[in-house]
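J.: This is what each chain is made of:
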Amino acid sequence: MQTTPETAIDRRSDPVVVMDGVTKAFAGVPALRGASLTIGRGEVHALIGQNGAGKSTLVRILTGAHQRDGGHVIFDGQPVDFRTPIAAQQAGVSTIYQEINLVPYRSVAENIYLGREPRRFGILDRSTMNRNARTLLRRLEIDLDVERPLYELNIALQQMVALARALSFESKLVILDEPTSSLDDREVQTLFGVIRGLKRDGVAVLFITHRLDELYAVCDHVTIMRDGQTVADRPMAETTKIELVATMLGKELGEVRREGQTGFDEARRSKGHDAAPLLTIRNLRREPGLHEASIEIAPGETLGLAGLLGSGRTETARALFAADQPEGGDVQFDGRAVAFGGPADAIRAGIGFCSEDRKGEGIIPDLSVRENMTLAALPTLSRAGVVDPGQQQAIVDRFIDRLGIKTAGPDQRISELSGGNQQKVLLARWLCLNPRLLILDEPTRGIDVGAKAEIQGLIDELAGQGLSVLMISSELEELIEGADRVTVMRDGRSTVTMTHAEVSQDRLLGAMAQGVDPESADPSTRPASADAAGETGAVVGSGRGQ
Amino acid sequence: MASNLSSPAAGSTTSSGRTAIGSIGRSYGGLAALLLLIAYNAVFNAGAFLTVSSLRINLTQVAEIAIVATAMTLVIATGGIDLSVGSLMAIAGSIAPLILLSSAAPWDVPFLGGALAYVIPILVVAAFGAANGFLVASLRIQPIIATLILFISGRGIAQVIAGGRLKSFDEPGWQVIGQGRVLGIPVQAIIMVVVVVTAAWVLKRTVFGRYVLATGGNEEAARLAGVPVVRVKYAVYIVSAMLAGLAGLISIAINSASDPANVGQDMELNAIAAVAVGGTSLLGGRATIVGTFIGALIIQLTGYTLLTEGLSDATVRIVTAGAILGAVLLQRRAR
Numbered sequence: 001m002q003t004t005p006e007t008a009i010d011r012r013s014d015p016v017v018v019m020d021g022v023t024k025a026f027a028g029v030p031a032l033r034g035a036s037l038t039i040g041r042g043e044v045h046a047l048i049g050q051n052g053a054g055k056s057t058l059v060r061i062l063t064g065a066h067q068r069d070g071g072h073v074i075f076d077g078q079p080v081d082f083r084t085p086i087a088a089q090q091a092g093v094s095t096i097y098q099e100i101n102l103v104p105y106r107s108v109a110e111n112i113y114l115g116r117e118p119r120r121f122g123i124l125d126r127s128t129m130n131r132n133a134r135t136l137l138r139r140l141e142i143d144l145d146v147e148r149p150l151y152e153l154n155i156a157l158q159q160m161v162a163l164a165r166a167l168s169f170e171s172k173l174v175i176l177d178e179p180t181s182s183l184d185d186r187e188v189q190t191l192f193g194v195i196r197g198l199k200r201d202g203v204a205v206l207f208i209t210h211r212l213d214e215l216y217a218v219c220d221h222v223t224i225m226r227d228g229q230t231v232a233d234r235p236m237a238e239t240t241k242i243e244l245v246a247t248m249l250g251k252e253l254g255e256v257r258r259e260g261q262t263g264f265d266e267a268r269r270s271k272g273h274d275a276a277p278l279l280t281i282r283n284l285r286r287e288p289g290l291h292e293a294s295i296e297i298a299p300g301e302t303l304g305l306a307g308l309l310g311s312g313r314t315e316t317a318r319a320l321f322a323a324d325q326p327e328g329g330d331v332q333f334d335g336r337a338v339a340f341g342g343p344a345d346a347i348r349a350g351i352g353f354c355s356e357d358r359k360g361e362g363i364i365p366d367l368s369v370r371e372n373m374t375l376a377a378l379p380t381l382s383r384a385g386v387v388d389p390g391q392q393q394a395i396v397d398r399f400i401d402r403l404g405i406k407t408a409g410p411d412q413r414i415s416e417l418s419g420g421n422q423q424k425v426l427l428a429r430w431l432c433l434n435p436r437l438l439i440l441d442e443p444t445r446g447i448d449v450g451a452k453a454e455i456q457g458l459i460d461e462l463a464g465q466g467l468s469v470l471m472i473s474s475e476l477e478e479l480i481e482g483a484d485r486v487t488v489m490r491d492g493r494s495t496v497t498m499t500h501a502e503v504s505q506d507r508l509l510g511a512m513a514q515g516v517d518p519e520s521a522d523p524s525t526r527p528a529s530a531d532a533a534g535e536t537g538a539v540v541g542s543g544r545g546q
Numbered sequence: 001m002a003s004n005l006s007s008p009a010a011g012s013t014t015s016s017g018r019t020a021i022g023s024i025g026r027s028y029g030g031l032a033a034l035l036l037l038i039a040y041n042a043v044f045n046a047g048a049f050l051t052v053s054s055l056r057i058n059l060t061q062v063a064e065i066a067i068v069a070t071a072m073t074l075v076i077a078t079g080g081i082d083l084s085v086g087s088l089m090a091i092a093g094s095i096a097p098l099i100l101l102s103s104a105a106p107w108d109v110p111f112l113g114g115a116l117a118y119v120i121p122i123l124v125v126a127a128f129g130a131a132n133g134f135l136v137a138s139l140r141i142q143p144i145i146a147t148l149i150l151f152i153s154g155r156g157i158a159q160v161i162a163g164g165r166l167k168s169f170d171e172p173g174w175q176v177i178g179q180g181r182v183l184g185i186p187v188q189a190i191i192m193v194v195v196v197v198t199a200a201w202v203l204k205r206t207v208f209g210r211y212v213l214a215t216g217g218n219e220e221a222a223r224l225a226g227v228p229v230v231r232v233k234y235a236v237y238i239v240s241a242m243l244a245g246l247a248g249l250i251s252i253a254i255n256s257a258s259d260p261a262n263v264g265q266d267m268e269l270n271a272i273a274a275v276a277v278g279g280t281s282l283l284g285g286r287a288t289i290v291g292t293f294i295g296a297l298i299i300q301l302t303g304y305t306l307l308t309e310g311l312s313d314a315t316v317r318i319v320t321a322g323a324i325l326g327a328v329l330l331q332r333r334a335r
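Residue numbers (this note's numbering), protein chains in the order written: chain A, 1 to 546; chain B, 1 to 335.
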């Protein structure tokens, strides 16, 4: 469903939304630094960017959930300043979130007209309401009994109802925030049909997603954000996937690599691990985010896990650690098939896990550095359930010294430490257990440059001592310089694995965008994108033992 | 004393001056209020207050609140709350007389009947505590709702067990927990001190104590660090129920009678008030047992002071509520 260039230009000459130079800071921290967004009438517009790029802040300003600090917003030709989501909705901006905000025990028609039910003599006119609802759904080409209660419908159909509701408001813009994350392929196709229907009616759609294939299926135009700014605004048809990914990550294609951008020492990168793998995962699955992940890690090896947001990297780590129970797949650890009942089992087997969300899933803010550091090791530092303060203190002193943790003392509350020092405490939480495998999800996110290099150096040092590391990172330099091999994930599947010698920025970008390694893919046998996942096993196998 | 036995989170030495002052405020604000109450009574009420019998009365009356509030502190430290403690007191109090008044064979053996009249009621309420734990930890129902169920039904259960009647008994040996003295000190005051000191030690020195604070401080982080958060929650609700049961037994021992409609009435609110006044965060993750003990003493002495001034019971309730509000606001400012 591509528009011809002429109509695209017509639409953009009279846009429905123009946001320009928008700034916004939260508690002094800038989230938007002059972001812009232009959406033509009846245009399906994609908004993409990494975590923290500012997408949701920009959208929330448009929907009246946040107030901007600076810049202009023009909606439907008028300068606007929506103070509340209701004001935005009345002006014609409808938002459909992942979680449907409708009333489950009311009928489809009642939900569509919730709060605006047609009345006769002050009494609900049910027959008119149902008739109007049917007309509306027919316009969207949805076949649905309008008298059924909403809870009987699946998520996809509930979304359709939400869309019909948006249409009944005579919205000029519908915002879809990751609408497909819980839908199966056929449901996605139905949703796309509805989006095209909206477009025919002249309704613009702002589509936020992590799935690149979907952009090409339905979008006319794309806005790419990075670090609170808009870095690209292009017609979809003129942009390749790899360009999208490169722009999103702030990389130039064909860029010559500068070495030593991280604290990792490339001299340590191995030429291959011959020992039997410490960890082998086959077809690990946990819906909706993780369809099939297969990875292998040798003793003392650092395996990087690359991929875009929503590609299933974190889901793989959590399923492996049993933070979330996997729904399928085999895990072999240290030569034995294992099925962990929960994190405590994984920890006992010798695995540690540092979450990407340090604040939400890492630190216990009110507890001291000492208690945070020894939380996982307490059973080993106690006798009959009573903590041995001497042993505890010895461990804490040792790791404060060894990792160079800057703290007023072990009694200091961890929340008073800098991000880098908090991360070191959390690393120590696992190191004092002498683990075999450490899973690090974005180990240096939100950490200042100095501490970042220290932590990277530390990861190298630990790997040198025989610790295996699974390192998830959104920073390509970290994966290129810090990993012995890199497995790339895409849309919930592990795809290509590259050795340190093979890995390069362009190859990583290509694999993240298309699911295949651009330099090893044979174009005659491989379609450009989605089907590549079917060949996972073979590709993973070829990455090892060079 | 306060900073010594309270948790490291509350009493830690901190680098920044502001939190250091806040820490002192948390530990000593309640203590200052308590000393003020004592000073007031010592000056204006010396004749009645500075006597052995007045000390005994106050200790006797505060014991139940202090025991229940100590366990409540642990529950609140995990981010929960237990509204069922008053009803559980009534349940324990309704079971013991059945055993004491029974003439069936085992009860006639010296001491065995009395021992069972302590043990069985406490085990039964422990099972109810496990039920609270099941609702909160396994079914993930919000603690305030989960324990509201037993708050409402528990007193009814107690009345059914007691056959809807007040039961009097006279077992001086058994009633030692409410009426006995050791070296002139009421036995329940000794029990109270043992409970408070043990709980403070558990919170500070044991793995379980660390797990309680970690669970309340950041449940997901604790789970990912291998803390058995579900078991920890079960444990605190069971401990809370057992100590409530103990307080219920003390209550009926004092009165030589069990009235399921009245035993433990309002106890959940007094206990929560003692915890709040004591400076434990109701959000979980921080707790001070000694602070709770001071909080219980403040509530007790406020009531005592006003009653000796000749104010009515109704007035006492209103003024006590005001004192609780004042103490909580004081601690917020200190924080």
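The hints are simulated quantities; they were obtained by calculation from the structure and are not laboratory data.
All C-beta atoms, glycine included, are put in the ideal place defined by N, C-alpha and C.
Heads up, some of the hints might be wrong.
To spell it out: a stretch of chain A is covered by chain B in this simulated footprint if at least three of its residues, at any positions, have a beta carbon under 8 Å from a beta carbon of chain B; those stretches are [what the hints assert, rightly or not]:
(1) 46-53
(2) 165-179
(3) 367-378
(4) 385-396
J.: Checking against the hints above, which ones are violated?
T.: 1, 2
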